[in-house]
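Letter by letter, the chains look like this.
There are 2 protein chains.
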Amino acid sequence: MSTTLPSDTPALQRLEAELRGAHAAWQQRGLKLDLTRGKPGPEQVALASALDGALGGDFSGDGIDDTRGYGGLLGIPEARRLFGELLQAPPEQTLVGGNSSLQLMYQCISFAYLHGIGGQPPWREQGAVRFLCPTPGYDRHFRICEALGIEMTPLPLSEEGPDMDAVEEAVSDPAVKGIWCVPHFSNPSGICYSEETVGRMARLGQRAAPDFRVFWDLAYAIHDFAPGAPELPPDLLELCRQTKTEDSVFLFGSTSKISFAGGGVAALATSADNLKWFSRHLAVTTVGPDKVNQLRHVRLFPDLHALREHMRGHAALLRPRFAAVDSVLADTLGHRQKSPYGRWNTPRGGYFVMFNTRAGTAATVVQLAAEAGLALTPAGATWPRGHDPDDSDIRIAPSVPSITEVKQAMALFADCIRLATVQAVLAEHGG
Amino acid sequence: MSTTLPSDTPALQRLEAELRGAHAAWQQRGLKLDLTRGKPGPEQVALASALDGALGGDFSGDGIDDTRGYGGLLGIPEARRLFGELLQAPPEQTLVGGNSSLQLMYQCISFAYLHGIGGQPPWREQGAVRFLCPTPGYDRHFRICEALGIEMTPLPLSEEGPDMDAVEEAVSDPAVKGIWCVPHFSNPSGICYSEETVGRMARLGQRAAPDFRVFWDLAYAIHDFAPGAPELPPDLLELCRQTKTEDSVFLFGSTSKISFAGGGVAALATSADNLKWFSRHLAVTTVGPDKVNQLRHVRLFPDLHALREHMRGHAALLRPRFAAVDSVLADTLGHRQKSPYGRWNTPRGGYFVMFNTRAGTAATVVQLAAEAGLALTPAGATWPRGHDPDDSDIRIAPSVPSITEVKQAMALFADCIRLATVQAVLAEHGG
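Top line first, the protein sequences correspond to chains A and B.
According to this note's numbering, the residues represented by the first sequence are 6 to 436, in order.
According to this note's numbering, the residues represented by the second sequence are 6 to 436, in order.
In short, the hints are calculated from the structure, not lab data.
Small disclaimer: the values here were computed from a predicted structure and weren't measured.
One thing to keep in mind: the hints can contain errors.
If chains are identical, the list can't say which one is meant, so a pair holds when it fits in one copy or spans any two.
[Unchecked claim] List of simulated lysine-lysine pairs, DSSO-like, C-alpha gap at most 30 Å: (1) K281 to K412; (2) K44 to K249; (3) K249 to K281; (4) K249 to K343; (5) K343 to K412; (6) K37 to K281.
Could you build the full structure based on these sequences and the hints that come with them?
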């Protein structure tokens, strides 16, 4: 098949019949493929298997006789240092918690919602409050807002990050309390915020409500896998200190995509005042985090250098999978910026390839793929409330399947793209 | 010194001078003793050291290829079975989470507060809501209510459990949404609810609001250490099933006082409907618990029998410490039910000895002890909002110090009790 799209109806009809045949053939094969969630594959988590048993019977930490005991709400000192390096934050402004950075995000928001932050009334008492949601974004971020009745304003995301003119204008409304950011290898667009974007983010606190916070999710801080990947974004907390806006940011990180997806360690870095506020409310909910697992992590990864070395192993596993995605798409659909069937990116880090279908066909593609045994993230999932106004964004997560499976899944995906596109064009032709 | 209390003023004055001298001598010794929190001591947690490394490189579970991955919001099947045994609940009604049962309690309450439970409006929209608090109780339970603005009604606690006549009358008020219970070796009174009490608890759902819940904290389910300890309380969930009140209870447990205090595993058991409600809200806050640590626990403790065997080691460490508390007090203050200086109990399980001072002297005792280097839980901590109307309850937690330290701490404690008592009696004499 050619990678072009015929323009006359009879040729389109012939192509559609051919593609329907191809789709039926896929259905016959009884495949069970999955490109849904962005999680490390089995070979990746196995790289950290030494975590279990890493302590060799020595449970003592830095200034802590025995990490098996209660307490230590802020985490063990050496874990706070490690995550301080990762998040570019002073250890004393870094809290290390349990296995989930999502939980830390939820807690920041729910505490502000229930109790207020920055000396302001609780968000629940302020009438309608709103978060800015650069889109496409991470569905689990959006679900937190949805669960608490926080309104969401989608904002366009360019190669440089969110449209900062729009952001700056929006935050002048005191009902705007937050913005969701994945600044490095953004989920799912793969973009990395530019230095200018980060600088303007750091200054938002000067024009926003006193209880506005930037939610800075560094989930993919050291997750580059291809040469030429951009450097980590500039040190947001330091920029904020220079402009006296330190209270306006919450930074999050975790080892979920470094050690074990479900058995890692997560952290929060922010201003000293915010951290005091957070720990005061956190202390009501728990006696402290699992310090033993924190100790395991620092024994295996004593510093940022060790983390980066470890991530080379991840990169070696991810690189060929992402290369397979691009090469199958290029072979079947043409060039990623010129194909008549859609656009996609070739990120140098992170966990996702973003595919933009012809407007109005993403849901159909996901449906066609499901019929042939390929699970994709639901169309619209990358938009607030699951509503993609253009029905165009599809998130592809190729980390878990084998390279052979990725190739097979992408060949099937490309056929679904082509079929949906041809059917849409025919429909426009009145065919 | 004698264990009696003189009745005439001059003798009291002489005794007071003597006791002040003794207190000053304690102060000279520069001691640093701590009987505050009820946590396992270093030798206890060391009994479970094999947890780290327990997996021997095999991270696969029951129907789960790899516990290192994401997901599994309800916990791994074998951990749900184990905690089902511990909480006397069907595995499919048992959720196993992270390291903190307190967090599960907070989540139950905050989800009901934010979103409502049992098809009722959110608690935050129902005006004043209230929890019943059998007292003395666990300060961290009370702090959850306090943080969310939930009113608390203290209720008397007898050797049989809470006064069930009072409880049954109170729950007929639809503003009453919960009751805090530690039914087995209650924190801190050490009492075990009687079969009748448990039976009446199971039926509360018949007369309470549809969103009323019993919070049943089985923190010390298998934590007996002395012969003649009462059996586990009757199976609450089964009793509830018989009276169709299964939705009215939340059961909690953890291995915090079995394996590692901070690095254990916690669980929640309840009705199928409640569990569905809980997981729906939980899914917004996290992708899932640390399944690797759950797997470590079931490898070390495959069933309830293994847990009980393990607890024999704990009992051997706790028994002499509790015996030391009683023997020092008996030697210095007389019989625990007849002493002129106060009353105390001799629990056969759990983590606490409850001491009742002469009314109005508990805070003074804690202060005197602190001056001489002995940290005690603040007076009043076992009451809602930290307010003990009689200023009489002191919680003694002897698990962490060595036996020598426990003896020393209790000798000092007894001297503080005697000094505070004599001073109080003298003050009453107008002396």
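A quick look at each hint next to the structure:
1. K281 to K412: neither (49 Å within a copy, 38 Å between copies)
2. K44 to K249: neither (37 Å within a copy, 42 Å between copies)
3. K249 to K281: Answer is within: at 17 Å inside a copy they meet the 30 Å cutoff, but 45 Å across does not.
4. K249 to K343: neither (45 Å within a copy, 64 Å between copies)
5. K343 to K412: within (21 Å within a copy, 82 Å between copies)
6. K37 to K281: For K37 and K281, only the inter-copy Cα distance (28 Å) is at most 30 Å; the intra-copy one is 48 Å.
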